[in-house]
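Visitor: Sequence:
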Amino acid sequence: VNTLYTCASQVFDKYVRERAEEERKEKKNRLQQKKLAFRALMEEAKLHSKSSFTEFSSKHGRDDRFKGIDKPRDRETYFNEYIGEVRKREKEEKERKREQAKAEFIALLKEKAVDRHARWADAKKKVDAEPKYKAVESSALREDYFREYCKLVKEERKKEKDAKEKDRDRSSKKEKKDKERDKEKEEEKKKEGKEKKKKEKGGDESESASEAEGVAEAAAAA
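Under the working numbering, read the sequence shown as residues 26 to 247, first letter to last.
Some hints here could point you the wrong way.
Once the Cα atoms are required to be at most 25 Å apart in a straight line, the calculated PhoX-like pairs of lysine-lysine come out as [as the list claims (entries may be wrong)]: (1) Lys96 <-> Lys137; (2) Lys189 <-> Lys199; (3) Lys96 <-> Lys75; (4) Lys84 <-> Lys96; (5) Lys135 <-> Lys176; (6) Lys151 <-> Lys179; (7) Lys84 <-> Lys127; (8) Lys202 <-> Lys215; (9) Lys137 <-> Lys149; (10) Lys150 <-> Lys135; (11) Lys137 <-> Lys127; (12) Lys159 <-> Lys127; (13) Lys92 <-> Lys75; (14) Lys137 <-> Lys75; (15) Lys202 <-> Lys135; (16) Lys199 <-> Lys219; (17) Lys122 <-> Lys149.
Hints are computed from structural coordinates only; laboratory data are not their basis. Small disclaimer: the values here were computed from a predicted structure and weren't measured.
Given these sequences and hints, build the entire structure.
Guide: Okay, structure coming up:
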């Protein structure tokens with residue numbers, strides 16, 4: 026009897042634990058679904074970085090997705106988390122637009138061939154009617170970008186100058202090597218010519234000696 030009771034107790038305890046785990050998972054899943062629905066409501070509300078929870082709750086407080094989050098404190102927490110994401114996105118988008126406006130403004134200065142030695146007061150007269158000029162949000166930024174443009178042009182000119190000097194150095198070295206090679210070839214030709222003449226001279230002397238010997242032999246025979 027005790028053994029049966031112990032087995033039944035163990036089975037029941039296991040069932041209770043499993044059921045408790047299932048209920049915990051179900052509760053977690055329901056809460057997650059409610060959070061997703063609440064987030065969808067916030068997305069539909071087109072919230073921005075300056076939106077307030079008071080304004081949001083007064084406008085959407087009767088929505089089932091709003092009421093699905095039981096605790097007011099949780100609603101405000103989820104709202105603040107979402108607004109934090111919105112602010113981050115807005116900041117990133119603003120920075121992206123600023124960088125784009127900067128790139129287009131500098132490209133405009135290049136297009137108009139603005140002299141890097143010019144004063145800003147004179148330079149801006151060439152571009153102040155252009156949309157790309159007006160797209161930069163402040164006059165202070167425009168002047169900063171102009172100075173950056175001047176620096177970029179200076180660096181580009183220096184790179185071009187350095188590249189030309191390197192080309193000249195390469196050409197000069199090549200020309201020097203070509204001259205040295207031509208000189209070596211010329212010296213080699215001269216050397217070959219001398220050796221050829223030497224051989225020819227040696228051949229003539231041998232022939233003369235042979236002729237002399239022939240004459241001497243003929244005289245002796247006579």
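Visitor: Look at each hint and say if it fits the structure.
Guide: Consistency of the hints with the structure:
1. Taken as a hint, the Lys96 and Lys137 pair is broken in the structure, with Cα atoms around 62 Å apart against an allowance of 25 Å.
2. This hinted pair checks out: Lys189 and Lys199 have alpha carbons roughly 15 Å apart, not beyond 25 Å.
3. A C-alpha spacing of about 23 Å is found between Lys96 and Lys75, which places the hinted pair at or below 25 Å, so the restraint holds.
4. For a cut-off of 25 Å, the pair hint linking Lys84 to Lys96 stands: about 18 Å separates their Cα positions.
5. Distance restraint check for Lys135 and Lys176: the Cα-Cα separation of roughly 12 Å lies within the 25 Å cut-off, and the hinted pair is therefore satisfied.
6. With a CA separation close to 20 Å, the supplied pair Lys151 and Lys179 stays within the 25 Å bound.
7. Restraint check: the Cα-Cα separation between Lys84 and Lys127 comes to about 40 Å, which exceeds 25 Å; the hinted pair is violated.
8. Our distance criterion of 25 Å between C-alpha atoms is met by Lys202 and Lys215, whose separation comes to about 20 Å.
9. Between Lys137 and Lys149, the direct Cα distance comes to roughly 11 Å. Compliance with the 25 Å bound is thereby established for this hinted pair.
10. Distance restraint check for Lys150 and Lys135: the Cα-Cα separation of roughly 14 Å lies within the 25 Å cut-off, and the hinted pair is therefore satisfied.
11. Between Lys137 and Lys127 the CA atoms are separated by roughly 15 Å; this keeps the pair inside 25 Å, and the hint holds.
12. The hinted pair formed by Lys159 and Lys127 meets the criterion: a straight-line CA distance of about 11 Å does not exceed 25 Å.
13. At roughly 23 Å between alpha-carbon atoms, Lys92 and Lys75 fall within 25 Å of each other, so this suggested pair holds.
14. For the suggested pair Lys137 and Lys75, the alpha carbons sit about 40 Å apart, so the restraint of at most 25 Å is broken.
15. Our distance criterion of 25 Å between C-alpha atoms is broken by Lys202 and Lys135, whose separation comes to about 41 Å.
16. A hinted pair counts as satisfied when its Cα atoms are at most 25 Å apart, and Lys199 with Lys219 does not qualify at roughly 30 Å.
17. A threshold of 25 Å between alpha carbons decides the hint, and for Lys122 with Lys149 the separation of about 21 Å falls inside it, so the pair holds.
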